[in-house]
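Chains as they are written, first to last, in numbering that gives the first Met the number 0: chain A, 0 to 301; chain B, 0 to 301; chain C, 0 to 301; chain D, 0 to 301.
Don't take each hint at face value.
[Said to hold, decoys possible] Derived BS3-like pairs: lysine-lysine, alpha-carbon spacing no greater than 27 Å straight-line:
hint: 1; chain 1: B; residue 1: Lys72; chain 2: B; residue 2: Lys41
hint: 2; chain 1: B; residue 1: Lys199; chain 2: B; residue 2: Lys231
hint: 3; chain 1: C; residue 1: Lys231; chain 2: C; residue 2: Lys196
hint: 4; chain 1: C; residue 1: Lys72; chain 2: C; residue 2: Lys9
hint: 5; chain 1: A; residue 1: Lys199; chain 2: D; residue 2: Lys72
hint: 6; chain 1: D; residue 1: Lys199; chain 2: A; residue 2: Lys72
hint: 7; chain 1: C; residue 1: Lys72; chain 2: B; residue 2: Lys199
hint: 8; chain 1: B; residue 1: Lys9; chain 2: B; residue 2: Lys231
hint: 9; chain 1: C; residue 1: Lys231; chain 2: B; residue 2: Lys72
hint: 10; chain 1: A; residue 1: Lys1; chain 2: A; residue 2: Lys19
hint: 11; chain 1: C; residue 1: Lys72; chain 2: C; residue 2: Lys41
hint: 12; chain 1: D; residue 1: Lys19; chain 2: D; residue 2: Lys9
Hints listed in this document are in silico derivations from the structure and should not be mistaken for laboratory results.
Being a predicted model, the structure only gives us computed values, none of them experimental.
There are 4 protein chains.
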Amino acid sequence: MKIGMIGLGKMGGNMVLRLKQGGHDVIGYDRSDEALTPLRDKGANVTSDMDAFIAALGEPGERAVWVMVPAGKITQSVIDDLAGRLAPGDVIVDGGNSNFHDTQRRGEALAGRGLHFVDVGTSGGVWGITEGYGMMVGGPDAGVERLRPALETLAPAPDRGWGHMGPSGSGHYVKMVHNGIEYGMMQAYAEGFELMKAHKTFNLDMSQIAEVWRHGTVIRSWLLDLTAEALKNSADFDSLSDYVADSGEGRWTIIDSIELGVPTPVITLATQMRFRSQQEVSYAGQMLSAMRRAFGGHAVKT
Amino acid sequence: MKIGMIGLGKMGGNMVLRLKQGGHDVIGYDRSDEALTPLRDKGANVTSDMDAFIAALGEPGERAVWVMVPAGKITQSVIDDLAGRLAPGDVIVDGGNSNFHDTQRRGEALAGRGLHFVDVGTSGGVWGITEGYGMMVGGPDAGVERLRPALETLAPAPDRGWGHMGPSGSGHYVKMVHNGIEYGMMQAYAEGFELMKAHKTFNLDMSQIAEVWRHGTVIRSWLLDLTAEALKNSADFDSLSDYVADSGEGRWTIIDSIELGVPTPVITLATQMRFRSQQEVSYAGQMLSAMRRAFGGHAVKT
Amino acid sequence: MKIGMIGLGKMGGNMVLRLKQGGHDVIGYDRSDEALTPLRDKGANVTSDMDAFIAALGEPGERAVWVMVPAGKITQSVIDDLAGRLAPGDVIVDGGNSNFHDTQRRGEALAGRGLHFVDVGTSGGVWGITEGYGMMVGGPDAGVERLRPALETLAPAPDRGWGHMGPSGSGHYVKMVHNGIEYGMMQAYAEGFELMKAHKTFNLDMSQIAEVWRHGTVIRSWLLDLTAEALKNSADFDSLSDYVADSGEGRWTIIDSIELGVPTPVITLATQMRFRSQQEVSYAGQMLSAMRRAFGGHAVKT
Amino acid sequence: MKIGMIGLGKMGGNMVLRLKQGGHDVIGYDRSDEALTPLRDKGANVTSDMDAFIAALGEPGERAVWVMVPAGKITQSVIDDLAGRLAPGDVIVDGGNSNFHDTQRRGEALAGRGLHFVDVGTSGGVWGITEGYGMMVGGPDAGVERLRPALETLAPAPDRGWGHMGPSGSGHYVKMVHNGIEYGMMQAYAEGFELMKAHKTFNLDMSQIAEVWRHGTVIRSWLLDLTAEALKNSADFDSLSDYVADSGEGRWTIIDSIELGVPTPVITLATQMRFRSQQEVSYAGQMLSAMRRAFGGHAVKT
């Protein structure tokens, strides 16, 4: 199919290539030459000229544009701009990590203008180009069906790793929960390895353990495969900070659990441990020291 | 190699069959005819006569017995009995989920009698017979090397899914942490699905989501494969209690974290949520209700 | 001072009486005769006629009305109605548990009409009438100063238990965090008592322990005083459900922690344990049972 | 009554003074002159000569010795030494934070020699000398009754702040849970203050808030009184490390909850956050960074 991709970063750029390999007529747009050059070198059709980009998408009412930009204000401005350039019957895809509430709102607004807005929660990271992307799709049937050829190519296999979850927002919603789960799983692994490393008696080899666990055990997973690979390179991670960034999805998952009154203790805690990792000094910790000194005369570190 | 297996339940019985298929001369022992019959029907050499079992193991100093009984007192009594019947140079394997402190103690005691005691933390459940078992091995080199042919057969592949972790107890220790991680991962998935199910707006299909997530996403795993299979059969789990049993390893992992002073919040919480699930009535909850009534005059359920 | 009170429930009614005892000229309004009668019987000046209520408040620009209705839509409609009836210079107080974001918005809107909007986070429950109310006050200086005589009467002492926290919304914000902390403290006590009760060896007397702890220990507190009182009446709480309700403040505290990226693991978890208590059946628990059966062939409860 | 005190540190020294003020004939023992001098200056009868100390305790079978030394090996060696010097009918008190399992074992051993062993979990810290100590007492009736005069003096009032919980070990057990609860409460306060401090919009005054909360609110407590005092001196705690030490009781409380299968999520987490505070670098955090880089190509801090 003919499809345009806006945002040619790590994700969007690779998706252009995978679509091209899949025989699609794909054109990419990015403002930055830095993003365009490597793709152009690989034979992709890319441009920094928005008018040319739109012109290349085909007939009004049959066009499809996949937006792959960072979640946030830029998503809104790109979609606003597109909405002004496109016509009823055209399809806009938000493949980023947008908040599902925003997506619901956008879906409604764009439907009012006759545009099909499809949200695709996309997982797979830098590995998607070769392994295919896991995609959770939300939005109107008409829009999703129009995208089917592209989705079948981007996925690990035409009938695997993607699905139409439900109405507008549901794709981003399921992706949000996916990331919440990811936080919990990652934290579980990390705690286990930290514990084993601290248990000096056995002098265990973290890299060996991760490798052994990859096969035949209950906890084998793709995350473990990656961890084993990372451990092979540097079991001690000496050069890495223990600061763990977090993106919006983990936070939104907790907020959803709060709004629904559903307990998600492990997902929540995994996310909050990331907050803890982001602190240089914990005021809570200082206050606890102060309390201990106040009631017990305990010596505290200064 | 020639090897004996004591305990022919779900795990031990399947291991006898996998060893036999791998060309080993394996003899099984169990007290219960119920355990023996299905194995005998499959052509396995099994007995309920301990003397005959020992006699079939070969020459003193070259014998190997794999003990696969539930963790607890029975492990101790079986090993005590075996120790009295075996001779220096023989190998005893504890393939169950014993506490690693017990294993360390037993390893020392048995070494004092010239026996090689090898601990094998075994993962894989009912799937091991076909997919192979993940095995974390601890104990003296001599004992582990003697077992190598059996380990290579039981594992998913000769060079994968098993490893010699370190001295006596280390196999059970790493398996313990493996299970702690498993609790955390399982809880993360379960929370995510519970949340999505509670979010009525999108009317999501749990079974579809699990299936989609199996391919291309960051959270794909064997646990997810199993979950998807379980959801296919019954997405609502109406017939299942929400009581979640736990075995010793999760608890021991927390105790280890306490003894080492290493934070394992997610593993700990996953285990404690199981405790919560096991309560018919929570006295803590009743007390909280009583407090709320006391300070706020809040209406509480009775 | 002359002051009106709208909403004569448990909190508002008691505050009318405390203000009256303190020598203030207070008039109460409530739609419901049920609320009016007991106050009238105690000599309070109350009415169900809004026009009369407003008329009794004094001169435009010098009036003060304290709104003490449940958080939510009713707060908004009462304030909207009041705003239409009052004049520049008048003071409106929201003494309920409103979300601080709403309060900030309302404060701005009312300031635009020349009204002073003061938010008072009020703690103390049914005990406030005798012990005084803890009050966290937000809003413009002019409004707070006008209220000072009433605040000094409602507080445990004129110079204790109340304070002007900052601008509009800050009173409700600090009260919100107060409640989050309360959840954490309550849960800590409840867990401790549940644990002691489960430790059968010592056959401990919960009521005695609470009473002993009230004096001289590090964990003595007003919550413990109430708990001891509740235990005196019924140490087993047999008649109480373990369902623990929660109000908005705990949830909002977590959302604030998410928005700021500040870890609040204990407050969060205390709140989420309330969610857990509110579930009749945990789908997460059912799924965990299903997983255990799937990988381990574990017998599960049905 | 006549009573000896072994261990004249912060706690024991103050208890000697409070007992003396209460009219008891108390003699103190400590090896260190540093401990003796300030007490001697206050007129207390103290010595570093163990023989003289024992001789001053009165008639065999009527003697009482209170041991107030740090939990651990020293407790055992002091009690062993005492047991050799005392006679049937004498009373030994362990007023420290011993593990209740040790206490149960010691109680049995000493009972076998005719000695009354009483465990007193003691709370109150440096404030006990003026406010009295909260005391949770375990052990045989005979021993506890003999101690009654001393307990009535040490407590905040003769009939308040102390109680005989049950058999040997129960005093230390209840004190252990007391400390677990304390960890939870402290963490709840600390999280709340940290959150408010991070919420810059309102520019809140931590010291003012703590002071306001002390009166009339649901969360008023002695811990809050101390916190308010600490904040008065230094609201920013700039000079304090955020390293939070922990003593055995929090850890033992969790182990007890594990052994009983009773959920104590908040107490557990409060303790584990202290572990987190004690880490210079979190290996778990480094591993999470490594995972994020592996799957997402996310930039991570180095």
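_Hint compliance check: list the failing hint numbers for this structure, sorted ascending._
1, 9, 11
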